[in-house]
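Participant: Residue strings, one per chain:
4 protein chains.
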Amino acid sequence: MSLKSLREEVLKANIQLVDNGLVVLTWGNASGIDRKRGLVVIKPSGVSYADLRPEQLVVVDLDGKVVEGSLRPSSDMKTHIALYRTWPEIGGVVHTHSTYATAFAQACLPIPCYGTTHADFCPGDIPCVRALTAAEVDEDYEANTGKAIIDGFASLSPKESPGAVVSHHGPFAWGRNAVDAANNAIILENIALMALHTRALHPNIDPIPEYILRKHHLRKHGPNAYYGQK
Amino acid sequence: MSLKSLREEVLKANIQLVDNGLVVLTWGNASGIDRKRGLVVIKPSGVSYADLRPEQLVVVDLDGKVVEGSLRPSSDMKTHIALYRTWPEIGGVVHTHSTYATAFAQACLPIPCYGTTHADFCPGDIPCVRALTAAEVDEDYEANTGKAIIDGFASLSPKESPGAVVSHHGPFAWGRNAVDAANNAIILENIALMALHTRALHPNIDPIPEYILRKHHLRKHGPNAYYGQK
Amino acid sequence: MSLKSLREEVLKANIQLVDNGLVVLTWGNASGIDRKRGLVVIKPSGVSYADLRPEQLVVVDLDGKVVEGSLRPSSDMKTHIALYRTWPEIGGVVHTHSTYATAFAQACLPIPCYGTTHADFCPGDIPCVRALTAAEVDEDYEANTGKAIIDGFASLSPKESPGAVVSHHGPFAWGRNAVDAANNAIILENIALMALHTRALHPNIDPIPEYILRKHHLRKHGPNAYYGQK
Amino acid sequence: MSLKSLREEVLKANIQLVDNGLVVLTWGNASGIDRKRGLVVIKPSGVSYADLRPEQLVVVDLDGKVVEGSLRPSSDMKTHIALYRTWPEIGGVVHTHSTYATAFAQACLPIPCYGTTHADFCPGDIPCVRALTAAEVDEDYEANTGKAIIDGFASLSPKESPGAVVSHHGPFAWGRNAVDAANNAIILENIALMALHTRALHPNIDPIPEYILRKHHLRKHGPNAYYGQK
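Each protein sequence line maps, in turn, to chains A, B, C and D.
Residue numbering for the first sequence follows the numbering used here, beginning at 19 and increasing consecutively.
Residue numbering for the second sequence follows the numbering used here, beginning at 19 and increasing consecutively.
Residue numbering for the third sequence follows the numbering used here, beginning at 19 and increasing consecutively.
Residue numbering for the fourth sequence follows the numbering used here, beginning at 19 and increasing consecutively.
Think of the hints as simulated: they come from the structure by calculation, not from any bench.
None of the hints are false.
Under the rule of at most 20 Å between Cα atoms (straight-line distance), these lysine to aspartate or glutamate pairs were calculated in the EDC-like manner:
#, chain 1, residue 1, chain 2, residue 2
1, B, K96, A, D138
2, C, K238, D, E157
3, B, K30, C, D69
4, A, K238, A, D138
5, B, K238, C, E154
6, C, K238, D, E154
7, D, K233, A, E154
8, C, K233, D, D156
9, D, K238, A, E154
10, C, K233, D, E157
Derived, one-sided and incomplete: chain C residues facing chain D with beta-carbon distance under 7 Å:
#, residue
11, T134
12, N208
13, M212
14, T216
15, L219
16, I226
17, Y229
18, I230
19, K233
20, Y245
21, G246
22, Q247
We put the CB at the ideal spot given by N, CA and C, even for glycine.
Work out the full structure, taking the sequences as your base and the hints as a guide.
Facilitator: See below:
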């Protein structure tokens with residue numbers, strides 16, 4: 019894929035966030051990586067989505083150095099890079115402050131798997147990643163946000179939960195590419211919304227039984243998956 | 019009705035789900051049956067609604083065998099077929115993960131009849147159908163989801179409640195045809211939303227008195243109904 | 019005003035309900051009265067708003083007899099007429115099943131006046147009108163719904179609260195004409211939404227102090243009102 | 019900036035409130051000030067946003083006297099003027115009855131800083147300003163609403179919290195100019211929405227740790243800010 023196509027895909031992912039109501043003003047950013055070239059295309063910081071053009075997206079290398087583009091990259095760029103460096107299997111990252119996922123982040127709670135909608139997405143809780151320490155904030159806030167997420171996935175692969183909420187902060191999602199990551203951010207938000215109302219209706223409800231969870235997840239993601247085409 | 023008309027009606031029903039906010043991404047499917055031919059037209063699995071064309075819909079027989087179409091049918095196809103086989107009076111089936119009906123499903127709670135909006139739709143609780151056993155999931159998940167719904171209606175006709183929520187899963191609705199089923203899915207979602215807020219305002223509120231419920235239901239659905247035209 | 023203009027105004031009021039999200043499917047109706055002729059123009063029953071044309075609206079007299087139009091009037095027509103007959107000061111009536119006002123109706127609770135948004139609309143609680151008795155339902159359900167509303171306003175003028183919620187049912191609103199009644203239905207719904215969240219945040223919060231309530235109401239509706247133009 | 023440009027900017031700010039769902043009917047007003055001329059451009063009272071044209075906006079001086087325009091200024095004009103007179107650093111003021119900020123106002127509660135979304139906006143609680151006394155309401159309601167806000171900021175600069183909620187009433191926001199104030203009103207509403215759900219999920223959750231709050235606020239607003247472009 020050319021860098022031009024990657025720019026277009028990353029733009030599409032950013033617009034998808036807006037179209038699905040995940041972004042207020044400029045609160046969100048999507049990026050995609052070209053693994054061969056080792057280059058990441060990311061939204062510029064604080065630029066309105068309405069005016070965003072592919073050539074305004076910023077290209078950075080895996081050290082966070084701007085390689086192409088006259089605008090500053092998203093202030094969360096180092097978090098994106100930390101995830102790309104640690105997880106070779108991902109091709110896109112999205113960060114938003116979407117309402118309901120952020121409510122779980124602010125409440126410092128994981129999102130329990132209450133049903134098949136969630137099980138289709140990931141086979142268990144969506145982790146709530148620990149808050150950064152004062153030293154981590156001081157040293158390198160954005161890079162250490164990436165570190166906190168990675169720490170939270172010590173015993174979990176990024177494919178097992180294509181997203182997480184960071185305590186006191188908000189959701190991050192990832193995927194095969196930028197558009198897939200944006201889809202996962204949309205799913206994460208909608209699962210959070212449903213979970214919130216499920217708890218309000220029945221505060222002590224159990225999570226989905228393990229055997230239903232596994233079935234639903236595998237019919238979509240397992241070796242013999244039969245959801246979707248192919 | 020020709021199979022071509024049925025395709026168009028089923029497409030319309032699917033689009034209606036999107037237009038009324040019941041569907042996120044590809045989470046939903048509507049089908050309709052041609053009783054004479056014994057053929058069901060259903061949404062293909064995991065295909066985006068934006069691009070859906072009538073000829074992409076899949077035609078299956080009542081054994082679930084694909085008769086027309088090059089795409090895979092919805093992964094929930096066997097649930098639809100189980101309902102069509104057991105209930106000759108229905109002509110359309112809809113499954114969604116709409117937010118509020120799914121919240122009740124995930125909380126494993128029926129939707130009590132709190133008011134006339136609900137009574138117009140069905141004369142009592144909207145049943146919450148039991149979860150499948152591990153053996154049922156193992157054996158044939160989708161067909162047994164249909165079985166669980168049918169079991170839940172042992173003493174209830176599908177006309178008495180044109181929908182149900184399945185524990186840990188989400189809502190199913192049905193009707194005279196695909197568009198009617200989609201309408202019922204829309205109503206189910208809105209009743210769930212109202213019920214949720216009613217409980218939040220007054221956790222111990224009683225359901226609507228039986229005599230009001232019956233009056234409202236009969237003015238719309240009884241032998242001397244006077245709601246609507248004719 | 020000609021009957022033709024009244025038809026257009028009533029159509030506009032009906033469309034306003036849809037545009038403001040107060041109506042799902044066909045759940046709502048607006049009417050307006052020509053006091054000189056003693057004729058009421060009202061939405062036909064169960065007809066989709068998308069297709070509604072002025073000539074489809076039904077004209078009835080104050081006994082509920084259809085004077086013009088080939089369609090059935092709204093099934094709630096007798097409630098509208100009961101209000102017009104008792105309250106000569108009103109010129110329009112609206113009934114909806116809007117989500118949040120209906121939640122209060124289903125919880126059988128009045129909407130307390132928690133703030134200036136509500137005080138601008140009416141100087142006190144929005145009444146929750148009693149449920150009908152079994153005998154009243156039996157005898158004449160829709161006319162007696164009007165009677166229950168009127169009973170609830172024994173010590174209150176219809177100008178003091180341009181709306182009410184009926185227990186187990188939903189909201190009614192009224193105004194100088196059909197468009198004004200639709201505006202009041204929109205306000206009622208939004209006040210209900212705010213009240214619901216106010217209670218969730220602070221279950222024991224007091225209503226707005228009387229002296230602020232009165233000031234806000236009078237600056238909009240009193241003899242020396244200075245809100246708006248004129 | 020010419021008065022003509024200011025009119026256009028104030029109109030844009032008013033429209034932004036509608037486009038972001040902060041305004042029902044005519045419940046809201048934005049203004050901007052020309053500090054050199056000492057003139058304020060403000061929305062006319064009770065005029066529909068759909069029809070609003072730049073020349074309908076009203077120009078008043080800092081005593082509230084209408085200098086240009088044939089319509090009455092917003093009934094909240096004196097509150098705007100009180101803020102402009104006391105805070106030379108602000109260039110725009112917005113008042114709305116947006117749903118969630120108003121719910122906090124009606125519950126008489128400040129909006130605690132639960133996360134980084136809020137910290138980006140202001141480094142601490144969004145104040146809930148005291149209710150007016152009966153004497154203050156009697157004497158000059160709108161001017162004294164401004165006074166109550168200013169009293170609430172005795173130990174806080176208007177830049178530290180670009181908004182507040184007034185007890186039993188609703189939110190006010192301000193900024194460098196009218197459009198910036200409208201942006202702040204949008205942020206305030208969204209922060210309120212997130213805070214409300216955060217509390218519902220976890221009623222005793224602590225606010226964001228001070229060191230994260232400070233970091234986030236400073237990366238956007240501090241002397242070495244690196245959010246946005248330049």
